[in-house]
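Student: Each chain, written out:
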Amino acid sequence: MPPVTTAHYVMLSAILMGVGLFGVVTRKNAVIVLMGLELMLNAANLAFVAFARHHGNLQGHVFTFIVIAVAAAEAAVALSIMIALYRLKGSITLDDAQELKG
Amino acid sequence: MPAIPAAIPFGALPGAPPLLAAGGAGAIDDYLPVLIMLGFGVVFAVGSLTISWLLGEKGRKLRAKDTPYECGMPIQSHAHERFGVKFYLVAVLFILFDVEIVFMYPWAVSWGHPDPNRGGAPAMGLLLAEVAVFVAILVAGWWYVVKKGVLEWHKED
Amino acid sequence: MDDASFWLGGLTAVTGGLMAVTRRNAVASVMWLVGAFLGMSVLFLGMDAGFIGVIQVLVYAGAIMVLFLFVIMLLKLTPAGLARVDRPKMTIAGILAAGALTAILCAVAVASPAWTRDGTDAAIRARTGTLVQGRTAAVADRLFSDHLLPFEITSVLLLAAIVGSVALTKRKV
Amino acid sequence: MAYVKVKRRKLTFAERTYVAPIAKGMVTTLKHMLQLGGTERVTMEYPEQKWKLPDRYRGAPVLVKDAAGREKCVSCSMCEYVCPPRAISIIPGEIDGPVEKAPKVFDIDMLRCIFCGYCEEVCPEEAIFMSEEYELCGQTRAEMVFPKDKLYAMGEKFGRDGRTKDPVKKYDRLVSEAAAQGLDLTK
Amino acid sequence: MTPPESAAAENVLETRTAPVAATPDMVSRGFDPASGHMLLNMGPSHPSTHGVLRILLEMDGEKIVRCEPDVGYLHRGMEKVAEVYGYNKFIPYTDRFDYLAPISNNVAVATAAEKVCGIELPPRAKALRVIASELGRISAHLLGVGAFAMDIGAMSVFLYCFRERESIYNYMEALTGARFTVSWTRVGGLSRDVPPGWLDSVKRFVDGLPKRVERDIEELLTTNPIWVDRLSGVGVIPKDVAVGYGLTGPALRGSGVEWDLRKESPYLGYEQYDFDVPVGEHGDAYDRYLVRVEELKQSCRIILQAIAKLPDGPIDVQDHKLRLPQKRSVLTSMEELIHQFMVVSEGPELATGERYFGAENPKGELGFYVASDGTGKPRRMRVRGPSFTNLSCLPYVLKDAMLADVVAILASLDFVMGECDR
Amino acid sequence: MAQGRLATVSWGESEEDGGAVLTTVDSLVNWARKNSLWPLPMGLSCCAIEFMAAATSRFDMARFGAEVARFSPKQADVMIVAGTMTYKMGEAVRRLYDQMAEPKWVIAMGACASTAGMFRTYPVMQGIDHIVPVDFYVPGCPPRPEMLINTLIQLQKKVASERAHKGLRVANLKAEKATA
Amino acid sequence: MDAVMNWFGTPVGSAVVKVLVVGNVVPLLVSFLVWLERRVAAWIQDRTGPNRVGPFGLLQSFADLLKFIFKEDVLPGHVNKPMYLLAPALAVIPPLVALAVIPFADRMMIADLDTGVLAVFAFSSIGVYALALGGWASNSKYALIGGVRASAQLISYELVLGLAALGVFMITGSLRLHDVVTDQANGLLIDGTLRDGFLPKFFDWNIWKQPLGALLFFIAALAETNRAPFDLPEAESELAAGYHTEYSSMKFALFFLGEYAAMVAISGLFTTLYLGGWTLFGAENLFAGTPALQTAWQIAIFTGKVVFLLFTIIWIRWTVPRFRYDQLMDLGWKRMLPISIGWLVFTALATWAYAQHVR
Ligand code: SF4
Ligand code: SF4
Ligand code: SF4
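Chains as they are written, first to last, in the working numbering: chain A, 13 to 114; chain B, 476 to 632; chain C, 5 to 177; chain D, 10 to 196; chain E, 98 to 519; chain F, 627 to 806; chain G, 108 to 466.
Fair warning: there could be bad hints in the mix.
[What the hints assert, rightly or not] Here are the simulated DSS-like pairs of lysine-lysine, each with C-alpha atoms no more than 30 Å apart in a straight line:
hint, chain 1, residue 1, chain 2, residue 2
1, D, K166, F, K783
2, E, K418, D, K81
3, B, K533, G, K188
4, E, K336, E, K160
5, E, K474, D, K14
6, D, K61, D, K74
7, B, K623, G, K188
8, E, K308, E, K360
9, F, K792, D, K59
10, B, K623, E, K177
11, E, K308, D, K33
12, E, K308, D, K14
13, E, K177, D, K19
14, D, K61, F, K792
15, E, K474, E, K418
16, D, K113, D, K81
17, E, K160, B, K622
18, E, K360, E, K336
19, F, K784, D, K157
20, F, K783, B, K533
21, F, K800, D, K59
22, C, K174, B, K623
23, D, K14, E, K406
24, D, K81, D, K157
25, D, K74, D, K40
26, G, K125, E, K160
27, E, K418, E, K177
28, F, K784, D, K159
29, E, K308, D, K40
30, E, K496, G, K441
31, E, K177, D, K14
32, D, K33, G, K188
33, D, K59, D, K157
34, E, K406, E, K360
35, D, K159, D, K81
36, D, K81, D, K40
37, C, K174, E, K360
38, D, K59, B, K622
39, E, K336, D, K16
By construction, these hints were calculated from the structure, which means they are not laboratory data.
Bound-form chain A, shown alone:
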């Protein structure tokens, strides 16, 4: 097997990004969509750290750290919105949310 290079990490990151995207696009359940999003964020983190290693500095690490924090905040708020929505509508499929718009 060839030695693992930055390219490998980037490819892995891309695959994970794809998986996340797949979840986001196909799933109707908002909670799972959100999970897909978290997966995509993580894929990005992976790339960050890979680049940090590639460039021999810690910027990526710091950045990832902060991204994780932001992800937590994002998850909290997004799920809160869902709860509020659920209380309003009694379900949380995304289509219902679209109705809300109109």
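Position chains B, C, D, E, F and G with the ligands against the provided structure of chain A, taking the given hints into account.
Tutor: Same frame as chain A, now just chains B, C, D, E, F and G with the ligands:
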């Protein structure tokens, strides 16, 4: 001015290099034993579940065994009913505060170890100021939560 | 070691992620995703980002996913509930979109010699002098000196999130 | 009158912090652990040690015979009548000799018996007694219905000096009282 | 060899794997499945329902919206038994009412029967009955407090309480021959007098009891903030509500109502003793706990006084229509033998009349309404079980309570299902 | 019949079982089972108080490892029915019995559980063996705590003489597969 | 043969050996602990406790364990099977893994991580899933309420745990647990001179420098391990057996095991953070000449401290009543959280002042 980095209160000597602290090795080497332990744990758990499945007494299938315990009565309504939103709020607050605490840990390391040799370490005064702001915001969040009565269990949300 | 960790972590992460987005049962999704994050953590460790690896477990697997689990338990998202892939058109679209994205990114990665040829350990060490070690103290020093502002902004963001979620979920504000 | 309001003490700050009262409680439990101050261990190692039963203890009911080995019970059925759970069933025997009829069948269903002692209380012949036996258990119901001979055997074994072993010997007394009047009942 | 019952059991095993549900149809009783409320079934086999009480809770999240107690899991047809078996044979059954203080029930039912025909007991019998029923009260309150503590998690206190109760069991055993199903009283007297040395050892025990209670119970609970917080303000029953539901005993006095039959309508010479009756102020679980602990100590006082001035004399009314004759005389005198047969088979002859008598038992007012037609068996005997009445306030106290408080509230009411369902 | 302590009923380790010799596996399994009889307390009425007393300081059932009362039937080994069982209660008892995991035993503690004792009345089930198989009947109303502990010891003996390995799933895997 | 021996010399090999040793000692320790719990409970309650199985009843836990193995393995039809099976496994793995980071003698630990305590927290945070899943998958009301409450309790006190421990690291300046221990073993540095000797070394323990922190940590640790007075998840009498109501045989035993293993782990962590780990005021170097003996001696010291802590935890359990759910949450969020933040600020200011003073 003592020879030892002074800012470590009550006196700490830099510890001797631990045996397994792999000098030049990467993080994965440090963590490998943990992974091994994890593997052991998995084997242990799965193993004991399997063993008890194999060695357990063969029981008869009874309809009653497939109903949950409800003090000996038939179930009254489904278990997965709606829960107080309180629990959810606790979880939300937990992750937010948890993240804040996670930020504090590296800060504590910087704070307790302002080794001049390490280069680029922030000064103590700066650190103090930073954390003051941070803690103030943390406390503000906490105060808001308490004031909103989120943690009052006797009141419905 | 690094290579093994890549394959192990990568496999876990991808499997976990795939399972997570395709499970009918939302709770199963959460648990698969937890698995994916553990794999991801192994990947970080493989890149000598020990601190990030641990934080990944602590925050993602140990906190954020707990929140997801709570929400699912709270909202009765049982298997018979809502969690279904039931939009065939969207499924195809999803596969196409995801596939395209992945393919493009992979192609870029493979095609870039900077990442392949110069991306090995030896090459990086030769280029930067040393392999960067994401130890706590190092990350901390960077965070509290150069990246002061993001740090404080994050705290404000967290505060906003607290206020936001409380305001959103509490009925009587 | 003598109604008093219960006092509800306000907890002091030290008590409010949980630490002080818990520490106090821990001292108490430590005393118990170390058996200080009248808190000795009271466990009785049961199968080896046994509780000394008081004289009046009401164990399983048993039948006794008199000194001459004659059945005292006359099947008067008083006990059968009074027994609240109706644990006793008697089939009277034939009248035989100077004493009245002895029971042909005398069963006590030990699983029914509630050890109330009413049978002992009412028996006009002092034929049935509450023994010291309490270590009974059985795997079937049938084996716990004790027939007459078993009850007599238990009477031999578990009768107690104060009560069953030395009951008022009615028959003997009747004999002696009659003898005083010049009659000989033994014939 | 195998009795038919066991054979039946085998069959049953094969055929009855899933018993048919026989639960109340909650929907017909106003439960709305769409409300999102949860129905939680507590009991009959539940660690904290003290026997076989069953409560159906309709809950909104953690809050109880409605509560339906379901009693009768221990209904044993006691009143009917009394009508068939007569007064004396009913006494063992009264042991099984409030089985935490059987001797108090014994005393109550015998006194009730005596009241019907206006029998006056000899003073020694009265005093002994007082001693015994106060011992019963101590033992009941010890278990009440101990079980309360156990439900709140202080397991050790429960065992300390039981340690003290064991001593009471010993005295009961020495006095009556059984640990707690004593069957001690008879209409018109007692079955046995106290054995030698008994009074002294009871005195010694009662002397030291308050101190031990302070050490083992109060020290661990009364000022423990966990305990106080769990109890105070929980399950509040205001005065008027308590009176309205007809609560009695510590449950009533915990709400601050000054009512104790030993003071209000003294029987068995309770007026001769000097004792206090504790009452609460707030009517919450903590008050009920305090009242019990204090009552326990007051009982010790009563016992000491009663022992101090215990008169000599007979323990029975000397009436062969009521009490069994002396065994010795039965054995020798034909007349006495006939009396014996009559009393056993006909039962004690009481006057004709109807009368209610309530005794202040550990759980509250244990009342007997006796309708006597002059024979040895009551025409009708109605039993007023304090636990039943005390439990009737459950829907009130549990409404709007939190699920977590249910245990504390139940334990503070301190009921016994044997007496509730009878 | 009437020799010796009445309680010591001997179990047919020899004749009826065809002289079965207990294997080492059996003795190991039985050793574990008999020393860890966790009760499922069915404290229905007065006898429950004596059941509790058996667990308290003086009698201390814990000495035999049997103090861990589990209210969840799935975790208990021996159901101790202590008290009067009414027909109304019977259903619940039976359901709990069914929910217990094998191997399980039942002790009918007290006159009421064994035969209904003094309650020959309409609401009371005349003995719990109408709905659950009983291993041991304990007379008494209530039985002394010692009596219960004695029964527990007898039950231990009974457990020790059982043939355990035949019941284990490993021994039945093939048969299970065949039926499936 | 040599190859095998050599492999044991490699980091991986030695790690495997240690894992096997620790992994097998911990269940042993747990069984001892269960026995201790039952005996201590008995002593407190004037009883004898299990004394029939083996000497002093020491084999009691093994009998229980074996019984569970041979008990019918009920897989009820009403549960969500994969999650139902996953929960007990998740209950037992995290504490085991957390133990891998704790040093039990000088340079003796399975993994010496530079994230140290964070790693411990990270692993133990996975334990929440055991309770939540156990309750949820059981599909039973008692279990569900129990599980949700238990997990809410766990996460709430995780915060306090984290905040309380922070003070130690502000002093030590390293998350590495080995450093934390060595930092407590030097003696006090007063006015720039290092005071050696028994007393300074005694007062070098973090429990003296961080008394309130230690107390908060200890209380939070009780809550994290579901011990009295925080043992509501499984002992709250209104919920029967709580989240593991529906579990039988080995699955239940695994919950049990996991809980006690968590107790061991958290006691080990407390010992490391506040009680000087394997050190004993210099006495830990008694056998400096013979490394093997020295290590054994240090392990003994460490184990002694841990057992003492475990004993204290048991002792508390049999003394106090239990909190109510809302009181517990109030205590965590409204009292311990602000107090620990306050303590944090105090520590920061104190160390800062000290640093200024020294400079
Ligand atoms: S003791 Fe009572 S229940 Fe037993 S046989 Fe005698 S009268 Fe009947
Ligand atoms: S035992 Fe006594 S009461 Fe019973 S039948 Fe015999 S003589 Fe009569
Ligand atoms: S046997 Fe006696 S003590 Fe036991 S439940 Fe029945 S009546 Fe009560």
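Student: Work down the list of hints and note, for each, if the structure agrees.
Tutor: Comparing the hints with the structure gives:
no.: 1; hint: K166/D x K783/F; result: holds (25 Å)
no.: 2; hint: K418/E x K81/D; result: holds (27 Å)
no.: 3; hint: K533/B x K188/G; result: holds (18 Å)
no.: 4; hint: K336/E x K160/E; result: holds (24 Å)
no.: 5; hint: K474/E x K14/D; result: violated (43 Å)
no.: 6; hint: K61/D x K74/D; result: holds (25 Å)
no.: 7; hint: K623/B x K188/G; result: violated (40 Å)
no.: 8; hint: K308/E x K360/E; result: holds (26 Å)
no.: 9; hint: K792/F x K59/D; result: violated (38 Å)
no.: 10; hint: K623/B x K177/E; result: violated (59 Å)
no.: 11; hint: K308/E x K33/D; result: holds (16 Å)
no.: 12; hint: K308/E x K14/D; result: holds (21 Å)
no.: 13; hint: K177/E x K19/D; result: violated (50 Å)
no.: 14; hint: K61/D x K792/F; result: violated (44 Å)
no.: 15; hint: K474/E x K418/E; result: holds (14 Å)
no.: 16; hint: K113/D x K81/D; result: holds (13 Å)
no.: 17; hint: K160/E x K622/B; result: holds (22 Å)
no.: 18; hint: K360/E x K336/E; result: holds (19 Å)
no.: 19; hint: K784/F x K157/D; result: holds (28 Å)
no.: 20; hint: K783/F x K533/B; result: holds (22 Å)
no.: 21; hint: K800/F x K59/D; result: violated (50 Å)
no.: 22; hint: K174/C x K623/B; result: holds (9 Å)
no.: 23; hint: K14/D x K406/E; result: holds (28 Å)
no.: 24; hint: K81/D x K157/D; result: holds (12 Å)
no.: 25; hint: K74/D x K40/D; result: violated (53 Å)
no.: 26; hint: K125/G x K160/E; result: violated (50 Å)
no.: 27; hint: K418/E x K177/E; result: holds (24 Å)
no.: 28; hint: K784/F x K159/D; result: holds (24 Å)
no.: 29; hint: K308/E x K40/D; result: holds (15 Å)
no.: 30; hint: K496/E x K441/G; result: holds (27 Å)
no.: 31; hint: K177/E x K14/D; result: violated (41 Å)
no.: 32; hint: K33/D x K188/G; result: violated (47 Å)
no.: 33; hint: K59/D x K157/D; result: holds (28 Å)
no.: 34; hint: K406/E x K360/E; result: holds (20 Å)
no.: 35; hint: K159/D x K81/D; result: holds (15 Å)
no.: 36; hint: K81/D x K40/D; result: violated (56 Å)
no.: 37; hint: K174/C x K360/E; result: violated (54 Å)
no.: 38; hint: K59/D x K622/B; result: violated (63 Å)
no.: 39; hint: K336/E x K16/D; result: holds (18 Å)
Checked against the numbered hints listed earlier, the structure breaks hints 5, 7, 9, 10, 13, 14, 21, 25, 26, 31, 32, 36, 37, 38; every other hint is satisfied.
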